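J.: Chains as they are written, first to last, in our numbering: chain A, 1 to 385; chain B, 1 to 385; chain C, 1 to 385; chain D, 1 to 385.
No lab work stands behind these hints, which were simulated from the structure alone.
The model shown is predicted, which means the values in this text are computed figures rather than measured ones.
Chain copies aren't distinguished; within one or between two, either way the pair holds.
Heads up, simulated DSSO-like pairs for lysine-lysine below, C-alpha to C-alpha not over 30 Å straight-line:
(1) Lys249 / Lys284
(2) Lys356 / Lys302
(3) Lys144 / Lys284
(4) Lys144 / Lys249
There are 4 protein chains.
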Amino acid sequence: MIFKDALSNIAHYTAPLRRFGASSLARIVILGVGLAAMAAYTMPDLQRADRPWLEGCLWCCLGYFAIESAIHARTAFRAGAARRYLLSPSVLIDLVGVFAVPIALLCGVSPPTAWLFASLWVLKLAQNSPALAQIGRVFQIEAKPLASVFALFLMILFLSSAAMYVIERDAQPGPFGSLPAALWWAVVTLTTTGYGDAIPLTHLGHLLGAVVMICGIATFGLSTGILATCFAAENRRRNFIQTWDLVSKVPFFQSLDPSAITEITHMLRRLEVPERTAIIRRGKIGDCMYFIAAGEVQVDIKPVPVRLAAGTFFGELALLGDSVRTANVTTTMPSTLLILDLADFHSLSANHPDLKRAIDAEGERRMSENQQRRERQRLGSAAPS
Amino acid sequence: MIFKDALSNIAHYTAPLRRFGASSLARIVILGVGLAAMAAYTMPDLQRADRPWLEGCLWCCLGYFAIESAIHARTAFRAGAARRYLLSPSVLIDLVGVFAVPIALLCGVSPPTAWLFASLWVLKLAQNSPALAQIGRVFQIEAKPLASVFALFLMILFLSSAAMYVIERDAQPGPFGSLPAALWWAVVTLTTTGYGDAIPLTHLGHLLGAVVMICGIATFGLSTGILATCFAAENRRRNFIQTWDLVSKVPFFQSLDPSAITEITHMLRRLEVPERTAIIRRGKIGDCMYFIAAGEVQVDIKPVPVRLAAGTFFGELALLGDSVRTANVTTTMPSTLLILDLADFHSLSANHPDLKRAIDAEGERRMSENQQRRERQRLGSAAPS
Amino acid sequence: MIFKDALSNIAHYTAPLRRFGASSLARIVILGVGLAAMAAYTMPDLQRADRPWLEGCLWCCLGYFAIESAIHARTAFRAGAARRYLLSPSVLIDLVGVFAVPIALLCGVSPPTAWLFASLWVLKLAQNSPALAQIGRVFQIEAKPLASVFALFLMILFLSSAAMYVIERDAQPGPFGSLPAALWWAVVTLTTTGYGDAIPLTHLGHLLGAVVMICGIATFGLSTGILATCFAAENRRRNFIQTWDLVSKVPFFQSLDPSAITEITHMLRRLEVPERTAIIRRGKIGDCMYFIAAGEVQVDIKPVPVRLAAGTFFGELALLGDSVRTANVTTTMPSTLLILDLADFHSLSANHPDLKRAIDAEGERRMSENQQRRERQRLGSAAPS
Amino acid sequence: MIFKDALSNIAHYTAPLRRFGASSLARIVILGVGLAAMAAYTMPDLQRADRPWLEGCLWCCLGYFAIESAIHARTAFRAGAARRYLLSPSVLIDLVGVFAVPIALLCGVSPPTAWLFASLWVLKLAQNSPALAQIGRVFQIEAKPLASVFALFLMILFLSSAAMYVIERDAQPGPFGSLPAALWWAVVTLTTTGYGDAIPLTHLGHLLGAVVMICGIATFGLSTGILATCFAAENRRRNFIQTWDLVSKVPFFQSLDPSAITEITHMLRRLEVPERTAIIRRGKIGDCMYFIAAGEVQVDIKPVPVRLAAGTFFGELALLGDSVRTANVTTTMPSTLLILDLADFHSLSANHPDLKRAIDAEGERRMSENQQRRERQRLGSAAPS
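Bound conformation, chain A alone (with noise of 0.2 Å):
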């Protein structure tokens, strides 16, 4: 018993891995694979000996990646979606992992350099990432407040190389020598890198350079409250977008008013889950309830387990005082699903009773059959012995 537990325990912190995806996971190792042999091909000692086979793992990568550019073309082509494939991004990364390498080979750049455009793999991740057109949404729309930063960032550089510089030339004229040396003294510091390859020695400056770092510091704190306010906001705007959709899906939000579903999309959260996963298990401590916007789950009530579809919920004792969960309850097939706080259910009850009623008088329903299950099963259970 313990041990199947474990087992499932283990499948259950595992399930990341596999919900990932077993193509996407393929494609990170080789890509992963291509980046350090192309990486190790670089290295003085390592180039005699194992030339031919880095450069066999590397041609493999590349027929890799040349396959899977043709899949996408032939997959884009045949659902005539063509044009937006062709003018896409994604074409781009494509067609430089594909021939960046073989032309700069024909151009006759010896081989290890031409094997450095396989760097150009790493883009690869960004087909990956959904999150990142995020991110450059977040630089688009703060484009003035970051380059307001980015101007002040000059100024401080400017104005303190020019100053160290003045300072500095006459005790250190080799790091100090000229304003780009002493530039670069500045971004280093200003950014809080600090190699220690050009350090002032004289009391001043020591005091512009504490200056310096504090305004690093400074810069450092608007830079990332631009970033965060502002990527937190477009976070908090795609999860609505597609929690939306998928709310639209559940036949129980439908009968809620509109200032109600509003509202309890800003609150759930989205959960993709493979199939056999467990959601819930016995035993432990709850404070959500789930609702299954697609797929399907099972609960393990005995002495038959009941099915679960689309459009159904789960786990809502858990709202409703019971916080210990009685019931594993795992997925029968990929599922969605969105799952709703405790601390958000008691704020939307409190302001929209009827949510509340409904999923009490399910929840007690249920409760009651669980009851009659068990009082039916005891009393099977009883009469024999």
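Once you have looked at the hints, place chains B, C and D on chain A.
T.: For chains B, C and D alone, kept in the frame of chain A given last:
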């Protein structure tokens, strides 16, 4: 008088320490001693002379942790929670802490190396930090955006190091002689760590370096934004759930309508206090009131101190205009208090006038009581004189 | 067709560049050239041969800025805004930019040093960044908390450097031989810059160093928190004021009740677009609608494109269920648009059903119109075949 | 005219400095001088010649602080607040500042070392920074999450340094020859300080180092998130309480209903202004209005300036459509103003139409008065001509 106050002052400021609990403290002290001994054990100049002492110390710590683990297991088995215990990560930490070193020693690993496994004891800190689970949850919820930022990080890393390798490999065959070496430079720079073991020397290298550093600030900002926003939300949610349980124990709140309860739950702060701790001290400026969710407090009013049990409130005069505290309030047993701040009280009472009325009524009742008592006392002390 | 789309694609992505404006761009290019020339002028190995070239270049930039300043002044005087101009910080930047270098040269300062004053030209960036004033305001509003964090910073700095001086002065008389030297170590460590010129060597020094670094993270966190929160609030406030002015120009909003107008103003994003820029491209997924505050757009519906003037809206079909854009929309003149996102639209329409109804009506009217047109077109094209 | 404006301009920008207060300033200057003298006193090359001068300077500062402490104590005793004073941390700072150095000297500590205790004077900054208590409160409230992040920090620290010690001890017996040495590397890397005294050299070491640096960014992000969120909340709360007291002094607000008062209190910003300071200057763009909580201002309308006492408001025309300020407004005594921003005014007036109506009425009354006055003045000046 002043001396006594000073003592109570010290008691007040050391309360968090006492609150920390004796057993927890002992545990952390033993953990600290064990880790320090383990660290000292690896020092080449200390090894010879102090070996027996340090080994003894390490074995003692190991013994302590073995006993502790045994108690953990026994408690769990007695309470019938064996399964939940065996499935928790706590078991792993306990097992590894007890068996890693002896097994390594049995396998013939040299003692200084075997004892290195004692560094795994540091994981026992996780058993003392309930909020760690919250941090884990943040990483789970924000996995997608964080993965995107990490993908961006990797892209900048690979592309900048490939470029830097091309730029600097002729000038510095040492630190930039291969792509892995350039990657090391890139990661040290992009995280703004800046060891200074690999530094670009050419002008182009300086320019690229500056770009990488600025990208580093952006990466910092994005990841801080994601973590900060999500952690704040998780914290609020967790607080709400914990406070909600306590609010249900205070009868005063039950008379409010549901939306007021939800609102007030968001605003209350929990405070766990050991016995004989001063909550309010006379003469201090007060800006909050207290509800007693569990325990008991004593209000030092003359002539006879008053005891307030769980479910009542005190310190409300501060919210009704009288900001200087008029009496000391001390716990008589370990208590859980709910704090309502002045600012929140004003917001609440604007939207829920019944709350303010109820507190006003109670406040006036007590005020007049105090007045009467003082009056009586004055009369009483005036009579004999 | 695809080629044309690709061109429009490029035009779409370079729009921000064109939007930047020719004169602004020229200004920044000249500024960049000037600063680069100034930096190059200080390099010992370049000075001899390229002096005349660089000096010519610098004089040209100076000339450009002189003319620009003259135009600024003339424009201001003609517009009768002389007083406001003379009192603005802009005048100082103009004057210093033009006169600092010539005056230094006249005073007999050697040219390479005199031209260093050209680094003050970088302040001209402030004239291009309206958001800089906002950053200044953040520092003004949050002066007290920032001063407190700075006081904390100074306390940690002094106490840790005094302690470190006592700990390390005997072991390292060089980098820790005096309190100012230890202060330099402390500031380099507390800002997590870490040059590595002064590093504690003793165990006690390492411990103190670790504490200072962790304090550095806390200082970072506090100042970032203050700046980020305030900057976000300022940004929101500024956006509201600017959007408010535009909202008053769209008749559609005037029919809403005041609280709806305030709410929608908080949600709209402004977008300034030059003429002939694609706003919506057919086939893309749409998640927002647009209101025209100023300017005009052309919707490419067949057979005859439709022009929409200021005060109207478009792209609303995306909010009403049809998420794929059905037509290209391009500006015909420089326009100012207000963007309403899908998420915000849902929130709004839940609380203000009249808004949704009005947009629905307009949307349905247009949809049927499109339908009729297509029908007619199909009949028309079917007849001759 | 312009010259006078420029002067008023300077006065305007230096107002914060004057507002800072003469005594506070003197205090900070003396503190600065004292700390600088103390730092200089430890420099080996300065010690001989300048000793008497520096010692004199230090004794003067000590004398100043002794007198100041005496005044503090005397004031407290006279005001009958002796007990509160003796229990405050301020007493400790005063005592330590006065007695630490003399006691050290009496104990026979050499003067340069004894005077190091003067670095404790830096704690006097805490007496000038009321917001420091707020920072302390943030650490108190967020103790649990911060402890968890710190536990995470310690876990990464110990595990990574143990691993790095195993990886690098053979390659670099110097910087990685013991676990404490590896711990020093880990803390320097995890805080992204990166001195560069201990740098991994092996490939495995580089990989682990990269992981530690990225963990460092995450630690940064988490702690920043905790501190930032809590500090922002504390700030808002504190502001509310301070503003609430002032709002109660403005009769205009008393006519509003309680929820409007609470809402407006959240939006108002406090501003303390010394006498004869320009608040509004004619011709500037206005985006806020002012309520006078205490003090008096003078509006320079022609022919006769008008004085407004505490409880009235001004600058409301900016909110009612006329954004260019029409008159200078100057304080005639130290005043406390409450600022209401345009954006907040719109939000407020949407929900509380009575507020807008009241301000409108007052605004129109004044506008017509101004009109009449100008009319009269014009007639008056037209008649003689």
